Every structure is written in C-alpha cells, then in structure tokens.
Amino acid sequence: GENVEQHPSTLSVQEGDSAVIKCTYSDSASNYFPWYKQELGKRPQLIIDIRSNVGEKKDQRIAVTLNKTAKHFSLHITETQPEDSAVYFCAASIGYKLSFGAGTTVTVRA
Amino acid sequence: GAGVSQTPSNKVTEKGKYVELRCDPISGHTALYWYRQSLGQGPEFLIYFQGTGAADDSGLPNDRFFAVRPEGSVSTLKIQRTERGDSAVYLCASSLQGGNSPLHFGNGTRLTVT
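The listed protein sequences derive, respectively, from chains W and R. Letter 110 of the first sequence, counting from 1, is numbered 103 in our numbering, and no numbers are missing. Letter 56 of the second sequence, counting from 1, is numbered 206 in our numbering, and no numbers are missing.
A portion of the hints provided could be inaccurate.
Said to hold, decoys possible - Over 12 Å on every C-beta distance to chain W, these chain R residues come out as not near it, computed from the model:
{"hint": "1", "residue": "161"}
{"hint": "2", "residue": "166"}
{"hint": "3", "residue": "222"}
{"hint": "4", "residue": "231"}
To be verified - Calculated lysine-lysine pairs in the DSS-like style (CA-CA distance at most 27 Å, straight line):
{"hint": "5", "chain 1": "W", "residue 1": "35", "chain 2": "R", "residue 2": "161"}
{"hint": "6", "chain 1": "R", "residue 1": "165", "chain 2": "R", "residue 2": "228"}
{"hint": "7", "chain 1": "W", "residue 1": "15", "chain 2": "W", "residue 2": "61"}
{"hint": "8", "chain 1": "R", "residue 1": "167", "chain 2": "R", "residue 2": "228"}
{"hint": "9", "chain 1": "W", "residue 1": "64", "chain 2": "W", "residue 2": "50"}
{"hint": "10", "chain 1": "W", "residue 1": "35", "chain 2": "R", "residue 2": "228"}
{"hint": "11", "chain 1": "W", "residue 1": "50", "chain 2": "W", "residue 2": "35"}
{"hint": "12", "chain 1": "W", "residue 1": "50", "chain 2": "W", "residue 2": "15"}
{"hint": "13", "chain 1": "W", "residue 1": "90", "chain 2": "R", "residue 2": "228"}
By construction, these hints were calculated from the structure, which means they are not laboratory data. Nothing here was measured: the structure is a model prediction, and the numbers come from that model. Glycine residues also receive a C-beta, built at the ideal position from the N, C-alpha and C atoms.
Construct all of the structure, not just a fragment, from the sequences and the given hints.
See below:
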C-alpha cells in the first residue's frame, strides 16, 4: 500500500516568517494530495489539495507544490500568524483511500 | 449546513465490553469512511462505504471490528470484546462521491478502554 512520510515532526517559527512541510510518497500511481489542519481536540480540516496533473497551487498565504518524478510534495505557509499553530497532515491517495503522514506540529511564536 | 456528526464524543468502557460508535454524514454524501487516529499519529484508514455497501474493509484490524451503513446514510462502527489497544480517536468522514472528492471529517469519538 501507499506509504507517506512527513518532515519535520515539529516546527517552530517566528510570527511573520514562512513555514515549509515536506512529504514523500511511495506509490507512483497516487494522484490526489490533500493537506489537513488539525487543532487540538478538533477535527482535521482540509486546507488545500492538489491533483497529479498540476505542479503548484496557491490559496492566499498557503501554497502546495508537487514533484511527481521525485514523489514528493510540500506545503508552504507565508506570513505565519498565531492562528496557524496546529498539527498539519499531508496525505496521498489512489482513488478513495487516503494515506496520511504522521503530522507536523507547527508553533508560531509571537 | 450541518457537518459530519459523531456520537458519542467520548466513550469509556471496560476491557471485554462491546461498543458502538455512530456517524451521521453530510446529507447527500454517498461515500463514508472510518479512520482511527492514535495519539501523535495521522488518521489510519479502516473502512470505506459507497452507498450501503462496504467497498473496502481492508483496514479493519481484525474480526472484532465491524461497520454497517444499512440505508446509505448513518453508519455504525461496532467493536466487540474491546482491548486496551483499541483506545484511540475514531474519525468518520464523508465525501460527495468517493474517488478523489475531498473528505469532510467529524469531530471523532475518543474511545478509552480501561
């Protein structure tokens, strides 16, 4: 099955700086790559996703890039704010089954 | 509109007991998923329903786990003879069509087996 690895496991950034989270996947047939944000005790919420026919996608301060050849994809958050503090999960899927990374705990220091 | 609803939000049970966890998906969503999330980990796939049928139950850890969705809407995850290792947050998600449609998660049920 699909195996997704996520780095780093924790990330501390100064407010206003950028945060980058990287993920790799094992199955070259994977074609859908969502990112979820999970605040403590709450549900995972989709923040952005990208499909395999697209190399980059941006939504305000959040962007995702995909390199299919290298089988890796990254989340970029610019101008970080305290409300960006949360656990972020990457995922990859072939069809309906999402495989998640282990998560990155992001702390934005004021 | 209403999101995915899961009940109960917390469940504490003794080892060996039977539990049922309920999920109400978003209205109109044909695909429903159960995931399990252990502390410090990402969600782990358990089972996928398309309509009333379990299209893929390959993630269920053993035959103590079973899930149903008899009318294609509400789903129940059933765990028999609970073990301490079953303690986790059980997340339900739904999507409009399955495939690569975005998943919408519920708040989960935190199961603690003592």
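Results for each hint:
1. 161: holds, 15 Å
2. 166: holds, 28 Å
3. 222: With a cut-off of 12 Å, residue 222 of chain R remains clear of chain W, as the shortest Cβ separation is near 16 Å.
4. 231: Non-interface label stands for residue 231 of chain R: nearest chain W Cβ at 27 Å, farther than 12 Å.
5. W:35 <-> R:161: Distance ~16 Å between residue 35 of chain W and residue 161 of chain R Cα, so the pair holds.
6. R:165 <-> R:228: Judged against 27 Å, a Cα distance of about 14 Å means the pair holds.
7. W:15 <-> W:61: Holds. Residue 15 of chain W to residue 61 of chain W sits at ~14 Å (cutoff 27 Å).
8. R:167 <-> R:228: holds, 11 Å
9. W:64 <-> W:50: Holds: residue 64 of chain W and residue 50 of chain W sit about 17 Å apart, inside 27 Å.
10. W:35 <-> R:228: Distance of about 23 Å is within 27 Å: holds.
11. W:50 <-> W:35: holds, 26 Å
12. W:50 <-> W:15: It holds: about 15 Å lies between the C-alpha atoms, which stays within 27 Å.
13. W:90 <-> R:228: holds, 21 Å
When the structure is compared with the earlier hints, no violation turns up for any of them.
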